[in-house]
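Letter by letter, the chains look like this.
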Amino acid sequence: MVPGVSATISAQNLRKSYGDKAAVDGVSFEVEPGEFFGILGPNGAGKTTTLEMLEGLREPDSGQLSVLGLAPWPRNPELLPRIGVQLQSTSFFEKLTTREQIRTFASLYGVSAQRADQMLSVVGLDEQADQRAEQLSGGQAQRLSIACALVHDPELVFMDEPTGALDPQARRNLWDLLRRINADGRTVVLTTHHMDEAETLCDRVAILDHGKILQLGPPAALVRGIDSPVRISVESGQLDGAATEALTSAAGASTAVTDDGVTLTIATHDPGTVLSGLADRRALTGLRVQGATLEDVFLNLTGREYRA
Amino acid sequence: MNRAAFRSLSRAMFLGFVRDRAALVFSILIPVLFLLLFGSLYKGTNAPKVSVVEVGRVSLLDQAEATAPTQLAKVLSITHTDNLTTALNAVRKGTDNAAVQQQGRTLIVHYSIADQTTAGVVQAVFSSMVQQADVTAAGTSAGYQLTTTQVEDKSLKPIQYIAPGLLGWAIASGGAFGAAITLVNWRENKLLRRLRLAPVSVGSVVLARVGVGIFVALIQLAVFLGIATTPYFGLKLSADWWMAIPVVMCGTLAFMSIGLLVGSFAKTQQAATAVANIIILPMAFLGGAFIPLDFAPQWIKDVSYAMPLRYLVTGMQNVMARGEGPLTALPAIGVLLGLAAILTLISVRVFRWDSV
Chain Y
1 MVPGVSATIS
11 AQNLRKSYGD
21 KAAVDGVSFE
31 VEPGEFFGIL
41 GPNGAGKTTT
51 LEMLEGLREP
61 DSGQLSVLGL
71 APWPRNPELL
81 PRIGVQLQST
91 SFFEKLTTRE
101 QIRTFASLYG
111 VSAQRADQML
121 SVVGLDEQAD
131 QRAEQLSGGQ
141 AQRLSIACAL
151 VHDPELVFMD
161 EPTGALDPQA
171 RRNLWDLLRR
181 INADGRTVVL
191 TTHHMDEAET
201 LCDRVAILDH
211 GKILQLGPPA
221 ALVRGIDSPV
231 RISVESGQLD
241 GAATEALTSA
251 AGASTAVTDD
261 GVTLTIATHD
271 PGTVLSGLAD
281 RRALTGLRVQ
291 GATLEDVFLN
301 LTGREYRA
Chain R
1 MNRAAFRSLS
11 RAMFLGFVRD
21 RAALVFSILI
31 PVLFLLLFGS
41 LYKGTNAPKV
51 SVVEVGRVSL
61 LDQAEATAPT
71 QLAKVLSITH
81 TDNLTTALNA
91 VRKGTDNAAV
101 QQQGRTLIVH
111 YSIADQTTAG
121 VVQAVFSSMV
131 QQADVTAAGT
141 SAGYQLTTTQ
151 VEDKSLKPIQ
161 YIAPGLLGWA
171 IASGGAFGAA
181 ITLVNWRENK
191 LLRRLRLAPV
201 SVGSVVLARV
211 GVGIFVALIQ
221 LAVFLGIATT
231 PYFGLKLSAD
241 WWMAIPVVMC
251 GTLAFMSIGL
261 LVGSFAKTQQ
271 AATAVANIII
281 LPMAFLGGAF
291 IPLDFAPQWI
301 KDVSYAMPLR
311 YLVTGMQNVM
321 ARGEGPLTAL
331 PAIGVLLGLA
341 AILTLISVRV
351 FRWDSV
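Those protein sequence lines, which keep their order, are chains Y and R. Each residue of the first sequence is one higher than the one before, counting from 1 in our numbering. Each residue of the second sequence is one higher than the one before, counting from 1 in our numbering.
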């Protein structure tokens with residue numbers, strides 16, 4: 001990647017403190033056009049503050065920042081129509097219906113009511129058009145909020161924990177929507193504290209903790225980068241002690257076995273040997289193979305359990 | 001300024017108001033109920049009709065009846081008898097308020113002080129009648145009209161101070177609560193931040209909110225005037241009543257600026273409501289809205305000058321009910337606009353987009 005004007009976002013050494021506490025402590029990254037970029041970290045890691053600086057809601061204490069080639073601070077009316085922001089909570093006008101909400105937001109950008117109504121279809125809220133926004137379910141409200149962020153067809157979209165507090169079904173629906181938004185050619189920057197969300201959606205993620213970027217790259221590369229064992233589990237009782245012993249020694253010194261009476265789990269760096277050994281012994285009932293996840297990356301980086 | 005954005009923001013805010021039952025109840029329904037209640041309670045207490053027994057012939061009374069029958073009928077209902085004793089008994093019992101007889105050039109009025117208000121009216125009516133007769137006898141041609149209009153109009157009928165008082169209170173609380181709650185809610189649900197990220201000027205947003213606030217206040221004015229001018233309540237608007245419109249608009253600005261300041265400090269809607277209540281409710285009692293200043297004790301009259309509500313209420317009263325010229329509203333307008341300007345400047349300084 002060549003740093004410079006071609007990047008959609010270029011952040012160099014951003015810092016922001018509240019009192020003595022450094023919320024963002026020297027963060028640098030670039031986001032390329034059309035990229036799906038994730039900022040990942042536990043609560044209080046500095047994700048939201050970073051995002052707010054990118055959006056132009058907060059002034060960085062120091063560092064260089066350019067968004068679509070422009071400075072977001074102070075409030076830049078030239079930049080505002082080109083970015084879409086979906087806020088953490090669902091921020092609507094009181095007592096307005098779904099359709100009235102999106103039409104009001106559309107008019108702020110000089111966008112027609114017709115186009116606003118189309119946007120409702122895009123997020124699948126046609127049937128709820130005449131319902132008050134406060135009567136929508138969590139997932140529907142979140143989709144309306146995304147529609148309001150996209151109504152003026154921005155090049156760059158910011159989303160702050162869009163799937164927070166949604167049930168698994170609604171989360172998956174929303175993921176589909178977010179993928180489509182990105183597939184249309186828009187650059188998407190998303191903060192999340194869900195590892196699985198970052199893994200499925202993002203082209204690249206920045207793992208943030210205590211205001212610093214710990215690691216940055218495609219999720220798959222980050223996961224491969226840590227030398228984490230593969231966990232292979234089968235139902236207990238298919239192997240006797242001697243067979244387990246033989247299998248573990250064949251797979252190398254770092255291989256570890258745990259058996260809780262229900263599941264036998266073998267953590268190994270040589271999954272091939274273990275799997276073929278299990279197959280030879282016809283002990284594959286209930287087989288599950290789990291590679292490392294971003295969670296392991298986090299654990300590996302910080303030495304502590306990831307807590308959202 | 002982006003006109004389409006301004007229009008749609010105004011529309012969104014107005015819909016938000018009319019669909020909010022609580023807002024409608026507090027800004028329109030409750031003040032109207034108060035108006036109906038107080039208007040009916042005090043209806044006619046100020047100008048009670050006096051029933052008079054004419055004993056024998058009282059030429060002065062007959063003369064007055066012949067010259068100005070309608071005016072007199074508003075104040076007096078007259079019955080005739082020739083028996084002084086029955087007449088006096090009726091007055092003692094309270095079935096009639098006064099008995100009148102004439103002996104030569106002397107007019108004798110018998111009345112009971114059991115009902116002091118009526119006794120006062122009886123004395124006032126007859127002394128003015130005698131004065132009038134003296135003036136006529138002296139050869140000047142001043143008519144009876146003068147006397148009767150004095151009795152009718154110098155003192156305000158209750159509806160003439162109840163209506164502007166309650167209306168002032170309704171406008172004050174509507175403006176202050178409306179502005180404070182909007183600001184706090186929009187900050188809490190991040191709508192304020194969302195608007196900041198849209199390419200609309202802060203001016204458009206503020207102007208739209210103020211426009212809706214003034215529109216609501218004018219609706220309150222229309223509803224109040226509509227009810228108070230019905231024959232039942234009998235509010236008579238003076239010729240320059242239209243001057244109440246700018247007074248209402250400036251009053252709305254002043255009280256919205258109070259709400260803006262409250263909303264800038266308050267963190268939650270509950271806090272905003274509580275603080276606005278602490279400001280508005282005492283003001284309603286001390287600023288001439290609930291207790292007419294004409295009848296208030298001196299200390300309330302003194303304190304009222306420090307109450308912004310006083311200027312809204314008296315400003316409206318002067319041009320709507322007292323029939324004073326349109327210019328008499330200007331000092332009130334000046335005070336209200338000055339207050340709005342000062343409080344808005346302070347609010348701009350302490351304004352926060354975000355709760356953190």
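Hints in this document: simulated from the structure, not taken from any laboratory. Hints should not be assumed to be uniformly reliable.
No more than 25 Å apart at the CA atoms, straight line, and that leaves these computed lysine to aspartate or glutamate pairs for DMTMM-like [what the hints assert, rightly or not]: (1) Y:K212 <-> Y:E78; (2) Y:K21 <-> R:E188; (3) Y:K95 <-> R:D134; (4) R:K267 <-> Y:D25; (5) Y:K21 <-> R:D354.
Predicted model, so just to flag it, every value in this text is computed and none were measured.
Comparing the hints with the structure gives:
1. Under the criterion of a C-alpha separation no larger than 25 Å, the hint pairing K212 of chain Y with E78 of chain Y is inconsistent with the structure, at around 30 Å.
2. Restraint check: the Cα-Cα separation between K21 of chain Y and E188 of chain R comes to about 24 Å, which is no more than 25 Å; the hinted pair holds.
3. Pair hint K95 of chain Y plus D134 of chain R does not hold up; C-alpha atoms about 70 Å apart against a cutoff of 25 Å.
4. For the hint linking K267 of chain R to D25 of chain Y, the alpha-carbon distance of about 29 Å lies beyond 25 Å, and the restraint is violated.
5. Between K21 of chain Y and D354 of chain R the CA atoms are separated by roughly 19 Å; this keeps the pair inside 25 Å, and the hint holds.
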